[in-house]
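Keeping their order, the protein sequence lines are chains U and L.
Take the first sequence: its position 430, counted from the start at 1, is 430 in the UniProt record's numbering, and no numbers get skipped.
Take the second sequence: its position 262, counted from the start at 1, is 262 in the UniProt record's numbering, and no numbers get skipped.
Identical chains share a label here; the pair holds if one copy fits it or two copies do between them.
The calculated SDA-like cross-link candidates involving lysine to any residue, where the alpha carbons are at most 20 Å apart (straight line), are:
| hint | residue 1 | residue 2 |
| --- | --- | --- |
| 1 | K157 | L399 |
| 2 | K344 | Q332 |
| 3 | K303 | E82 |
| 4 | K337 | G223 |
| 5 | K230 | Q338 |
| 6 | K64 | M42 |
| 7 | K303 | S22 |
| 8 | K303 | D25 |
| 9 | K219 | S309 |
| 10 | K337 | N228 |
| 11 | K252 | S277 |
| 12 | K150 | T20 |
| 13 | K344 | A222 |
The set of hints was computed from the structure by calculation and includes no laboratory data.
Computed from a predicted model, the values in this text were never measured in an experiment.
Number of protein chains: 2
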Amino acid sequence: MSTQPLEDLFTLLRFASVSTDSAHDGATRAAGEWLRNKLEGMGFRAALHETPGHPVVVAKNEHKPGRQTVLLYGHYDVQPAEPLEEWRTPAFEPVVIDGRIFCRGATDNKGQLMAHVCGLERTLLEQGELPVNLTILFEGEEEIGSPNLKPFLEAHKEELACDVVAISDTGMVAPGVGTFTYGLRGIACCEVVVRGPAIDLHSGIFGGAVANPATMVSKLVAGLHDLNGKVLVDGFYDAVRPLAEWERQAWKKLGDSEAETLSLTGSPGLFGEAGYSDLERRWARPTAEVNGIGGGYQGEGSKTVIGRSAFAKLSFRLVPDQEPGDILAKVQAHLQKQQLPGVKVEVQIGHVGQAYLMDPMSARGQAAQRALEKTFGAPPALIREGGSIPIVQAFKEVLGVDTLLLGLALPDCQAHAPNENFPVANFEAGMVLNRHLLEALA
Amino acid sequence: MSTQPLEDLFTLLRFASVSTDSAHDGATRAAGEWLRNKLEGMGFRAALHETPGHPVVVAKNEHKPGRQTVLLYGHYDVQPAEPLEEWRTPAFEPVVIDGRIFCRGATDNKGQLMAHVCGLERTLLEQGELPVNLTILFEGEEEIGSPNLKPFLEAHKEELACDVVAISDTGMVAPGVGTFTYGLRGIACCEVVVRGPAIDLHSGIFGGAVANPATMVSKLVAGLHDLNGKVLVDGFYDAVRPLAEWERQAWKKLGDSEAETLSLTGSPGLFGEAGYSDLERRWARPTAEVNGIGGGYQGEGSKTVIGRSAFAKLSFRLVPDQEPGDILAKVQAHLQKQQLPGVKVEVQIGHVGQAYLMDPMSARGQAAQRALEKTFGAPPALIREGGSIPIVQAFKEVLGVDTLLLGLALPDCQAHAPNENFPVANFEAGMVLNRHLLEALA
Numbered sequence: 001m002s003t004q005p006l007e008d009l010f011t012l013l014r015f016a017s018v019s020t021d022s023a024h025d026g027a028t029r030a031a032g033e034w035l036r037n038k039l040e041g042m043g044f045r046a047a048l049h050e051t052p053g054h055p056v057v058v059a060k061n062e063h064k065p066g067r068q069t070v071l072l073y074g075h076y077d078v079q080p081a082e083p084l085e086e087w088r089t090p091a092f093e094p095v096v097i098d099g100r101i102f103c104r105g106a107t108d109n110k111g112q113l114m115a116h117v118c119g120l121e122r123t124l125l126e127q128g129e130l131p132v133n134l135t136i137l138f139e140g141e142e143e144i145g146s147p148n149l150k151p152f153l154e155a156h157k158e159e160l161a162c163d164v165v166a167i168s169d170t171g172m173v174a175p176g177v178g179t180f181t182y183g184l185r186g187i188a189c190c191e192v193v194v195r196g197p198a199i200d201l202h203s204g205i206f207g208g209a210v211a212n213p214a215t216m217v218s219k220l221v222a223g224l225h226d227l228n229g230k231v232l233v234d235g236f237y238d239a240v241r242p243l244a245e246w247e248r249q250a251w252k253k254l255g256d257s258e259a260e261t262l263s264l265t266g267s268p269g270l271f272g273e274a275g276y277s278d279l280e281r282r283w284a285r286p287t288a289e290v291n292g293i294g295g296g297y298q299g300e301g302s303k304t305v306i307g308r309s310a311f312a313k314l315s316f317r318l319v320p321d322q323e324p325g326d327i328l329a330k331v332q333a334h335l336q337k338q339q340l341p342g343v344k345v346e347v348q349i350g351h352v353g354q355a356y357l358m359d360p361m362s363a364r365g366q367a368a369q370r371a372l373e374k375t376f377g378a379p380p381a382l383i384r385e386g387g388s389i390p391i392v393q394a395f396k397e398v399l400g401v402d403t404l405l406l407g408l409a410l411p412d413c414q415a416h417a418p419n420e421n422f423p424v425a426n427f428e429a430g431m432v433l434n435r436h437l438l439e440a441l442a
Numbered sequence: 001m002s003t004q005p006l007e008d009l010f011t012l013l014r015f016a017s018v019s020t021d022s023a024h025d026g027a028t029r030a031a032g033e034w035l036r037n038k039l040e041g042m043g044f045r046a047a048l049h050e051t052p053g054h055p056v057v058v059a060k061n062e063h064k065p066g067r068q069t070v071l072l073y074g075h076y077d078v079q080p081a082e083p084l085e086e087w088r089t090p091a092f093e094p095v096v097i098d099g100r101i102f103c104r105g106a107t108d109n110k111g112q113l114m115a116h117v118c119g120l121e122r123t124l125l126e127q128g129e130l131p132v133n134l135t136i137l138f139e140g141e142e143e144i145g146s147p148n149l150k151p152f153l154e155a156h157k158e159e160l161a162c163d164v165v166a167i168s169d170t171g172m173v174a175p176g177v178g179t180f181t182y183g184l185r186g187i188a189c190c191e192v193v194v195r196g197p198a199i200d201l202h203s204g205i206f207g208g209a210v211a212n213p214a215t216m217v218s219k220l221v222a223g224l225h226d227l228n229g230k231v232l233v234d235g236f237y238d239a240v241r242p243l244a245e246w247e248r249q250a251w252k253k254l255g256d257s258e259a260e261t262l263s264l265t266g267s268p269g270l271f272g273e274a275g276y277s278d279l280e281r282r283w284a285r286p287t288a289e290v291n292g293i294g295g296g297y298q299g300e301g302s303k304t305v306i307g308r309s310a311f312a313k314l315s316f317r318l319v320p321d322q323e324p325g326d327i328l329a330k331v332q333a334h335l336q337k338q339q340l341p342g343v344k345v346e347v348q349i350g351h352v353g354q355a356y357l358m359d360p361m362s363a364r365g366q367a368a369q370r371a372l373e374k375t376f377g378a379p380p381a382l383i384r385e386g387g388s389i390p391i392v393q394a395f396k397e398v399l400g401v402d403t404l405l406l407g408l409a410l411p412d413c414q415a416h417a418p419n420e421n422f423p424v425a426n427f428e429a430g431m432v433l434n435r436h437l438l439e440a441l442a
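The task is simple: from the sequences and hints, build the whole structure.
What follows is the structure, given as structure tokens:
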């Protein structure tokens, strides 16, 4: 590899493009502008599109009839670098140590994004053109939930029309093991607020005579699961598509994920739905979680009050074919039917996103697998992931296409954490993968 | 009434003497120092005694042989003022609105304490001396369970020897109705901490595979009661002394406490132990309450995490003849026997205090009733209260004397809550009561 690709990546990394922090707006915009200029210099027709937030970079080669059209997505914004004191090297000054590039954004997502850009540049230098019609779409708001991306897709639906989307923003199961993520869980959020007395009460004076909202919210949360990890909401599992037998078998071969989950989480023990393995629980089974619970006195020591209200922030991870709206309706019915005495129960609906599943044995899925095999020298791991990537669902809904998730990050790349890093070998593999992917899709 | 007593009370109220919060240690000590100086200025021999926590103020007039010795107790510390945004006036700046003094500590206990101090000052000015040997004992740790008071009583047992204790730190059943409290509930506190993963986890990546501490703490809290308001801890009711028949009858005559409880609390409905009236539930039945619950994300909106730990602050109100230590042992056994999977449950023991019951028809009980009748113009109501004043039991155990509880607070004085207040009329009545009480006991 010439040193130019790494130098380009380093240049992009030095922009402190923290999208959530308006103090960094200048750097965020500058990163988008630099990318636009870089792509233009490579011969693409490139533009920076304004949005109500950070701009979107769109670039295209010359689209010719009869060729496949591939949309390559990435994001140039990054998470905040704080806590800065935990970084061993400056957060926005890339440095290579033991074969890894350390910098905020190295893995999420600048390193993976630039692997594709530099792969394209090399192909263009060596071959003069690409085998497909390519549309590049890089946004600057992924780390704040892509609030402007779906409206942008809708407004530019024809310009962005394509046959398939490709993204490198997920993980590899192990170093050197090509990994194809063909499914993601969806999400449905709500907040339960339990209201009791009009004011916080002295628990000596009134205790025993009125309902305590913290007790009642506990009853609601406790009633979400049995001790076998099963969600007790009526009808919760009705629409769940069972795992295919090939998935269960394929995932069994991925190694001892139980030991890895224990080690990564530091939990005293595993706990989940009876009858499912650790990977099945995380990738293919729906969950109910309380992400926050609170009520009454929160400080040090004790305060003998009955708090006037209590809350529980709930989220449900969904799998095909659960519908977020249907699940939230069932959750509401489940919570209200308890008819808890002496309190009022309110449910506030939050954000939702559908689960995603594509067939890895479809024609494009097989093309992705071939490209990964050529790049890494062995058939790829076929996995789902437990998190949610709402933009994948947006591509499905607005553009009507599947997304190929070909991740280049390792579990210890510290995405979102101090000392984020990306192996130089993965950067190089990503450049190679880009060429094989476009050839396989062509 | 001259304005001096109110001015003195306002000065004491301005010290933000929040005993549970070490950030307020300076103000707490300053409140004690101010009281010592005030009492010294009135001619008492007064001293500030150091303890491992906040200091104790002790003051005496000249004790003469052959007179009754009365110990007057009060506390100069207050509850935290949070949530500050719910106060209509600044929490530590007293202001009189519609005949009530609004300030943290106005009713609990600075207003009631200063009514006695100012009553004494007036008697001394008008009569030159008091009819009894008086010992004043004001502490700064009542709101955190008086951890150092009992050791202090033991260490100063001879200096504090007396015939009876008098305290105004309880309630009146209605404005203008003198009220003699002959019983109090005890208390036993503990904090449950449920620990899961070593770090907060992404609920998409790991949700479903590890136990969520917020879910598990909810199961523990939910398991404390059934939906008939009965506490489910094994053996919880074993030692409970039933109400006497005269009490049930006397309390029935106190009016419609259910309507009053609904109106004072603003609760959507009453809820408590089946088979008992509102007053019986609050004054003579034991309870289990969660005073605070917390875990995971506490901010606005949502954050899809599994929090590493969760807590519940529990308190149990006790009645004769429940033993706090016995109850906490039973609670611990109850919590641990759930054997919740995937988490560690820790129970941290907090402060305790035994329930109190004296005979209101004893000689000193009758003296107290006479003083109340002279002050308010009618025979007093005879009640118990639901709160706990652990020091009453300490006076019984260490000094061997009963305590006369002659409260001056009204049900809507908002003790422990935002907008705490105290009627100026009650402050004045307390000054009068002080004189009648010492005369009746003399």
